[in-house]
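Novice: Spelled out, the chains give:
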Amino acid sequence: MDFGFTETQTMLREQLARFFRERYDFDTRQKMLAREGGRDPAVWKAFAEELGILGAGFPESLGGLGGGAVEHMVIMEELGRAIAIEPYLDTCVIGGHALLAASGPLAESLVPGIIAGDVIMAFAWAEPKSRYNPARIATRASADGAGWTLDGHKAVVLAAPWATHWLVTARTSGSPGDRDGVSLFLVEAGVPGVTRRDYPTVDGIMASELYFERSRVGPHALLGREGEALPLVEELLDRAAAATCAEAAGTMRRLHELTLDYAKQRVQFGQPISRFQVIQHRLVDMLMEVEQAVSMAYQATLRLDLPAPERARAVSQAKAKIAKGARFLGQAAVQTHGGIGITNELAAGHYFKRLTMLESRYGDQDHHLARLEALMMAEAA
Amino acid sequence: MDLAFSPAERAFQEEVRAFIAENYPAELRGKQEEGEELAKEDYLKWHRILHAKGWVAPAWPKEYGGPGWTATQRYIFSEELARADTLPILPFGINMVGPVIYTFGTAEQKARFLPRILSGEDWWCQGYSEPGAGSDLASLRTRAERVGDHYIVNGQKTWTTLAQHADWGFFLVRTDPAAKPQEGISFLLIDMKSPGITVRPIITLGGEHEVNEVWLENVKVPVENRVFEENRGWTCAKFLLAHERTGIAGVARSKRGIERLKSIARIETDDDGRPLLHNPFFRRKVADLECDLTALEFTELRTLAGEAAGRGPGPESSLLKVKGTEIQQRITELVLEAVGHYAAPYFRAFPEGSNEYPIGPAHAHRAAPTYFNMRKTSIYGGSNEIQRNIIAKMVLGL
Ligand SMILES: Cc1cc2nc3c(=O)[nH]c(=O)nc-3n(C[C@H](O)[C@H](O)[C@H](O)COP(=O)(O)OP(=O)(O)OC[C@H]3O[C@@H](n4cnc5c(N)ncnc54)[C@H](O)[C@@H]3O)c2cc1C
Numbered sequence: 605m606d607f608g609f610t611e612t613q614t615m616l617r618e619q620l621a622r623f624f625r626e627r628y629d630f631d632t633r634q635k636m637l638a639r640e641g642g643r644d645p646a647v648w649k650a651f652a653e654e655l656g657i658l659g660a661g662f663p664e665s666l667g668g669l670g671g672g673a674v675e676h677m678v679i680m681e682e683l684g685r686a687i688a689i690e691p692y693l694d695t696c697v698i699g700g701h702a703l704l705a706a707s708g709p710l711a712e713s714l715v716p717g718i719i720a721g722d723v724i725m726a727f728a729w730a731e732p733k734s735r736y737n738p739a740r741i742a743t744r745a746s747a748d749g750a751g752w753t754l755d756g757h758k759a760v761v762l763a764a765p766w767a768t769h770w771l772v773t774a775r776t777s778g779s780p781g782d783r784d785g786v787s788l789f790l791v792e793a794g795v796p797g798v799t800r801r802d803y804p805t806v807d808g809i810m811a812s813e814l815y816f817e818r819s820r821v822g823p824h825a826l827l828g829r830e831g832e833a834l835p836l837v838e839e840l841l842d843r844a845a846a847a848t849c850a851e852a853a854g855t856m857r858r859l860h861e862l863t864l865d866y867a868k869q870r871v872q873f874g875q876p877i878s879r880f881q882v883i884q885h886r887l888v889d890m891l892m893e894v895e896q897a898v899s900m901a902y903q904a905t906l907r908l909d910l911p912a913p914e915r916a917r918a919v920s921q922a923k924a925k926i927a928k929g930a931r932f933l934g935q936a937a938v939q940t941h942g943g944i945g946i947t948n949e950l951a952a953g954h955y956f957k958r959l960t961m962l963e964s965r966y967g968d969q970d971h972h973l974a975r976l977e978a979l980m981m982a983e984a985a
Numbered sequence: 207m208d209l210a211f212s213p214a215e216r217a218f219q220e221e222v223r224a225f226i227a228e229n230y231p232a233e234l235r236g237k238q239e240e241g242e243e244l245a246k247e248d249y250l251k252w253h254r255i256l257h258a259k260g261w262v263a264p265a266w267p268k269e270y271g272g273p274g275w276t277a278t279q280r281y282i283f284s285e286e287l288a289r290a291d292t293l294p295i296l297p298f299g300i301n302m303v304g305p306v307i308y309t310f311g312t313a314e315q316k317a318r319f320l321p322r323i324l325s326g327e328d329w330w331c332q333g334y335s336e337p338g339a340g341s342d343l344a345s346l347r348t349r350a351e352r353v354g355d356h357y358i359v360n361g362q363k364t365w366t367t368l369a370q371h372a373d374w375g376f377f378l379v380r381t382d383p384a385a386k387p388q389e390g391i392s393f394l395l396i397d398m399k400s401p402g403i404t405v406r407p408i409i410t411l412g413g414e415h416e417v418n419e420v421w422l423e424n425v426k427v428p429v430e431n432r433v434f435e436e437n438r439g440w441t442c443a444k445f446l447l448a449h450e451r452t453g454i455a456g457v458a459r460s461k462r463g464i465e466r467l468k469s470i471a472r473i474e475t476d477d478d479g480r481p482l483l484h485n486p487f488f489r490r491k492v493a494d495l496e497c498d499l500t501a502l503e504f505t506e507l508r509t510l511a512g513e514a515a516g517r518g519p520g521p522e523s524s525l526l527k528v529k530g531t532e533i534q535q536r537i538t539e540l541v542l543e544a545v546g547h548y549a550a551p552y553f554r555a556f557p558e559g560s561n562e563y564p565i566g567p568a569h570a571h572r573a574a575p576t577y578f579n580m581r582k583t584s585i586y587g588g589s590n591e592i593q594r595n596i597i598a599k600m601v602l603g604l
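Those protein sequences? They're chains D and Z, same order as listed.
Here the first sequence is numbered in my numbering, starting from 605 and rising by one per residue.
Here the second sequence is numbered in my numbering, starting from 207 and rising by one per residue.
Derived by calculation from the structure, the hints in this document are not laboratory data.
Quick reminder that beta carbons are idealized off the backbone N, C-alpha and C, glycines included.
Possibly wrong hints are sitting among the right ones.
[Claimed, not checked] Simulated DEER-style distance windows between Cβ atoms: (1) Val601/Z x Asp606/D: 48 to 58 Å; (2) Arg472/Z x Gly797/D: 48 to 58 Å; (3) Met981/D x Arg223/Z: 46 to 56 Å; (4) Gly781/D x Ala448/Z: 40 to 50 Å; (5) Glu562/Z x Ser713/D: 42 to 52 Å.
Based on the provided sequences and hints, a complete structural model is requested.
Specialist: As structure tokens, this is what we get:
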């Protein structure tokens, strides 16, 4: 057993941490959100060119650094600490894995672009009525001889306004909820027949509603086999959930630090509020949630390559646990700050908002518990 | 023991219900349903209607313009307001400074201020908290120096709710820096248009402007605007804190909140496409919440019965505050869960009046901002930790 990081992984973390400290502090972040487009593209460029992290999870044969899930975890934790808005998860974790799974010429043509910072991807899997079930989709793709025609509405597609490519799930047969008939398409952003409505999310990311109306894409847009994409989509969502766990762990750790610092310096009744035992116990409970979140992020990350049911169990346990812990920690942090905790002025409130969104991103606690129950029942049967 | 209202009380309930149905302004209803930002005038519209009926200040004694209701009638009234989802009557004038003035004020102060509080002509704000004095309110430092027949006030207040609309503010200020903290404080009524007052917005997590910083720089306040004796303002403050806490349980509003939650959970669907309210996980959480609310309701009724029997609201009201706010917060958590993905879009990105409509179903627009905002309830009005300290000390004698 070894929970140690390699030298390269440690360097990756330190490099990224320094970058965020020096170039991505809270005020800088807030200014970026206020810019046209809701971000500063120079940051992504710096990820590619100065830090070279965008290739961390890609094989060397494609120009990457040959890492994998652990590298993603390290990077996501640091992004979480900075409550960053950069589309690493969307592009490198989800997009990267989808391309590697598809392999062939497509991967060869796009992966170098990702590593260079030119290709940004977004994952359009949710729909207004899908909730967290990727099979409950109504968007249709029909073969039209020359390729595919897409019709439907994809909901809250994170990073879509920034993306050059969208991964879109659509039904080539069956009806919402069926496991069969789900296909995965790679669509170039800006394809005709798509209406995009962009907006910021409450935690500062840009997202879109995508309305496909007789949008035509070429025959090569289909990734994998027609109607058989659900297992891959589920794997992508598990990888995204595991990465979100790492992100949440980083966000939680930082919010705990901010709260601890505040409690030590805030004086009421002639003493720092950190001297009140109820505050001490709360800070301790928060720390216990941080540690468990980190453990769960490891656990999920290290089991991502197991067969689907074991992978699902690992990820759902982690996400369910972290969803609960993130809620507790966020609320406890605000409460400990008192009035100043509910303002937009302090970083702490923005960490709370991000954590609240991470609770349900790629499935909330109920979703993952239900999945665990289903696995339990399948095992018993 | 008897749970039922008497026939007279039932008749009263009917009367209140009918009055609200006939008189609540339709345009307010529309704005509330659209989730529009409410202007000062919106609040005042309903205030004036209640005032014209003589119902705006349920707890005030008859001689000062109250309706002379029993505790049970007041309870029924507030239940009916919440049931009909009316705008709340803003507490600062009616529930806070009004009772202080009729309890501790001079005849002139009563004559000058009370009618204008009732009519809504004066909008009040509460200037207690300071950057350094939150839970430990008695450590406040805003200084008032007596110069002839005036005080000169200097200092900074914060978290002052809706001060941007206020005509008047009631302030706690330090008049004797040498005395023990609680013994050097006075209670001043300050005209918010006085030279030297600056009000600056503080924007809260959901993007709303509801609290402010209030800076006071050489503000001249006539001595006749002091309520009660100099250096005895803490007595008024303590009296007021007890008043602030009654009604804080918010049972009726929470009932209404749970109804709303259920109606959202009938529309939203779970992973299997069933209405969320048919999902066993989710509906169990709602059932659990309803148990908490019933327990709170009956605890409040017991307190109320005690009050009717002449026992004042004691430290037990801290229990109502803690449990009441926990329930209010829990409702917002479940609404947030219910709306799923559509909690994420930030609706304020679409300015009112713009052609673009916010993303997702209307019931989802405010789910996250409201969840964020309601964290305030366990912080203000004496934080829930402070309430527990009060119970430990006053009830348990620890
Ligand atoms: C939305 C909102 C509206 C408000 N409106 C007004 C208003 O109109 N007028 C006004 O005057 N004020 C108002 N307040 C201020 C409010 O009363 C204060 O926020 C409150 O008293 C807490 O003070 P604080 O924010 O400074 O927190 P602090 O007192 O710094 O508390 C920080 C944390 O320490 C805990 N703590 C403090 N002391 C103890 C202790 N002895 N034991 C255990 N734990 C402790 C608190 O519970 C809290 O968790 C408002 C606040 C909010 C959030």
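Novice: Run through the hints listed earlier and report the numbers of any the structure violates, in increasing order.
Specialist: 2, 4, 5
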